[in-house]
Amino acid sequence: MTVQTAPGGTAAAKAKPSELSFLGALQANMRDYGLLLALILIMLFFQYFTNGVLFKPVNLTNIILQNSYIIVMALGMLLVIVAGHIDLSVGSVSGFIGALAAMLMVGWRFPPELAFLAHPLVAGAICLAAGAAIGAAQGYIIAYHRVPAFIVTLAGMLIFKGLSLAVLAGKSVGPFPAEFQLLSAGFIPDFVGPITMPWLAENGQNVVLHSTTMVIAILAVVGMVFSAIRGRARRKLRGYDVEPFSLFVVKNVVIAALVMFFAYMLASYRGLPNVLVVMGILIAGFVFLTKKMTFGRRIYALGGNLKAASLSGIKTERTTFYIFAIMGALAALAGMIYAARLNSATPKAGQGLELDVIAAVFIGGASALGGVGQVAGAVIGAFIMGVMNNGMSIMGVNIDWQQMIKGVVLLAAVFFDLYNKNRSA
Amino acid sequence: MSKTILEMRSITKTFPGVKALSDVNLDVVEGEIHAICGENGAGKSTLMKVLSGVYPHGSYEGQIVYKGEEQHFRSIRDSEHKGIVIIHQELALVPLLSIAENIFLGNEQAKGGVIDWDETRDGARKLLSMVGLSEDPDTLVTNIGVGKQQLVEIAKALSKQVQLLILDEPTASLSEKDSQALLDLLLEFKKQGITSIIISHKLNEISRIADRVTVIRDGRTIETMDTDQITEDRIITSMVGRSLDDRYPTREPKIGDVIIEVKNWSVYHPQHRERQVTKDVNITLRKGEVVGIAGLMGSGRTEFAMSLFGRSYGQKITGEVIKDGQRIDVSTVERAIRNGIAYGTEDRKTFGLNLIDHIKHNVTIANLPGISRWGVIDDLTELDVANDYRKKTNIRSSSVYQTVGNLSGGNQQKVVLSKWLYANPDVLILDEPTRGIDVGAKYEIYTIINQLAAQGKAILVISSEMPELLGITDRLYVMNEGRIVGEMPTSEASQEKIMRAIVRAEGKAS
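Residue numbers (this note's numbering), protein chains in the order written: chain A, 13 to 437; chain B, 1088 to 1597.
Some hints here could point you the wrong way.
Derived, one-sided and incomplete: chain B residues facing chain A with beta-carbon distance under 10 Å [said to hold, decoys possible]: (1) Gly-1397; (2) Val-1420; (3) Ala-1423; (4) Ile-1424; (5) Arg-1435; (6) Asn-1441; (7) Asn-1454; (8) Val-1463; (9) Leu-1467; (10) Asp-1471; (11) Ala-1510.
For the record, the hints were derived by calculation from the structure and aren't laboratory data.
From the three backbone atoms N, C-alpha and C, an ideal C-beta is built for every residue, glycine too.
Input sequences plus hints: build the corresponding full structure.
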């Protein structure tokens, strides 16, 4: 079926298949990678002003550990914000779940037949389920009763702040069993065994690499390059334009080099932290969900135009409900990571975290109106905040100044993003 | 010889990558009604934005001479200061403010920042009487109909001492009666010496009131016609480039068995539980048949269609739908789609499209299972589908990655159609499929409808343009106040016959 043009209609302006030039493609890529570039520039800036402390293996590992719970929650928050909602309760919920975990594993004395509840794995599963249930309850009210998310989750924030206090009876509870601490403080075991690199010795100190970390990184890079090559071949086979080969090579080499560099840094300290493995799996999962799955597509559709989405057969209520349930489960995971890191649950834990999480998502280019936002952006946004916290602390910048600078960066990032969009429109 | 009030000379306006206007000339004589015609995307609105200062001086090339002086408008305020007022297609009224507050918005009758309410109300009343609107100035704008809102906009323009009134598609969303009233008002203004520029797609209106017509095509002025030269055919010829012999493509109807039957369909208003908007509607469609529903605005046609499509409108819905001899479940949009029913909305921007996303994602959204397996989308298959439908429906865009919000109305409508074509329904309901789009795109959409019918699908077209219904359908239902009040084969139908059915029903109702 082809439409004949109207007898008098102007002939369709045949769009030429766009020949991608190296520069044009580079420009298009720059827009995509601008945020990553900003992160790298910020890191180099602090590397200089902290006299090289920022890139020390131990510090890079710290940055990851310090920001893991923010990133975990930013993944869920991205879905929430793309769907055109907001979740103010995640900080309190994560605090409450941390408290619940502490009480299950340490605080409550169970009778012997229920003692299995205190096992870290069982307790962890209960906590995840509780988080999902909390998110689902809020999501139910938001999706099916159409109470604005801002209000529902504001109420949730107050409720769970209070519940944490009540559960902990106002005290800190800890320490956690050693197995549970591994979640935040542990590193993956070195199956291959350490390698000494005498030729890299600095000041007479040998560099000892955690070789399993290097093996995993190499496998990851090979996998990434392989799938990029396959994707490119598939596009070509189906007759679509691909970016110039030179740029393709440059891009893959740069990304592979970056990954290998960070792997090397981590390997020369204690290897991959457990929590980074969890994060890596989650990030990959959420990228897949938003980019490749129909569920993700539906989120963008309903965030872009709710009415049009529901008139296209999308079950908008159910989708919204699931998004908040996922957010709840991630807040629970973040709460456990946070508690394991502090090695105790405190009534104040998690408070205010929601703002860092939301800021990360917006710095990452999501739109407050919904329908726009990327997982990678949210993760990079979280790292931008995290690196700034870390770098300024090392430089000895006072906390008051830190707050103000972070505020200005958030504002500037969103302002610049909008400015760019308006200019290209 | 009357004198020229406005002259736009060699206006050229470039957007990144696109030349929207290229060497456009327009001269408007004092006291005339000057119409500007052109297809969607021809550059009419851009030209008016240049004139009113939305695009400030310096962002375009060329000269604007108004009342003998060259003007350098930097904002709307500048142009309004000189008495040039533009009324956009989308009204710029604040719904929850009163008529009087809206009229004097930004121009408050105040002393030292304190509003003089007596002055405001008196002034509003005076202006309202000038536009023939008898409403209390304290009524909230949201509580009056679109036709009256349009009049409030004009009253607002009058309050700014308007000398050159520009109306962009003023009658697009008005009923026949309100449109007539508005056009009469423009003729009245003409007597008072106010010059008007009107942009419209409705050629019958233009030939009725315009003194001169300027046609713009592809960002260029094609010609300016004087009163005695204006005919609909000539305008169309200029707009599309060649003469359009036939506004409706011909087809040989091949009508098969009954495919769908709607029985005793009743719907109540979503807010007012007592108000019944659709009353015992019975309709039947056959394979390969194009059926129209005619009726006035507010006759319940859209409400009927939307309630049928997954109960998207109304409450207390009763009645049954029988397809291929079997009762089917249409209680949610998803089930309706799965049972082979699709509904293309009358309001594509609000209900039809995700304007911030690109063509590809909009085309596939109603049939994601078609491009995915186990919930995972195959992006190249999706790209194939989008490219395929872009070609089939002749969407004019740089690629399927163009943002839908940046397309012209006709091309947006083709995206909506593509979406439903890809969902592959057996019954396609199209609500005002050609509203606000130009002649060429209309023809293309009729062609698509014909091709669908040829494939054995049933198409139900709701339209307020009677010539369109008479031109493309096989059979017509007439709806009035929620009831089907007439049914006739199109070959025996005429505008008079349709109107008679409506009037007869009105008589019976009262």
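Discussion item. Min Cβ distance, B/Val-1463 to chain A: is it shorter than 10 Å?
Written reply: OK, holds: B/Val-1463 within 10 Å of chain A, min 5 Å.
Item to complete: Could you check if B/Ile-1424 really has its C-beta closer than 10 Å to a C-beta on chain A?
Response: Holds, because the Cβ-Cβ distance from B/Ile-1424 to chain A comes to roughly 4 Å (cut-off 10 Å).
Practice prompt. Report holds or violated for the interface hint on B/Ala-1423, using the least CB-CB distance to chain A and a cut-off of 10 Å.
Written response: holds (8 Å)
Discussion item. Quick check on the hint: B/Arg-1435 CB to chain A CB, less than 10 Å?
Written reply: holds (9 Å)
Item to complete: Identify whether the interface hint at B/Gly-1397 stands, where standing means a beta carbon of chain A within less than 10 Å of its own.
Response: holds (8 Å)
Worksheet item: Should the interface hint for B/Leu-1467 be scored as holding, given a Cβ-Cβ cut-off of 10 Å against chain A?
Response: holds (5 Å)
Item to complete: Using Cβ atoms only, decide whether B/Asn-1454 comes closer than 10 Å to chain A, and label the hint accordingly.
Response: holds (8 Å)
Discussion item. Hint validation: B/Asp-1471 versus chain A, beta carbon distance must be below 10 Å. Holds or violated?
Written reply: holds (7 Å)
Fill in: Interface hint compliance - B/Val-1420 to chain A, C-beta minimum distance less than 10 Å
holds (5 Å)
Worksheet item: Can we keep the B/Ala-1510 interface hint, with Cβ of chain A closer than 10 Å?
Response: The hint holds - B/Ala-1510 has a Cβ within 10 Å of chain A, the shortest such distance being about 8 Å.
Worksheet item: With a cut-off of 10 Å, does the beta carbon of B/Asn-1441 approach a beta carbon of chain A closely enough for the hint to hold?
Response: holds (4 Å)
Against the hints set out earlier in the document, no violation occurs for any number.
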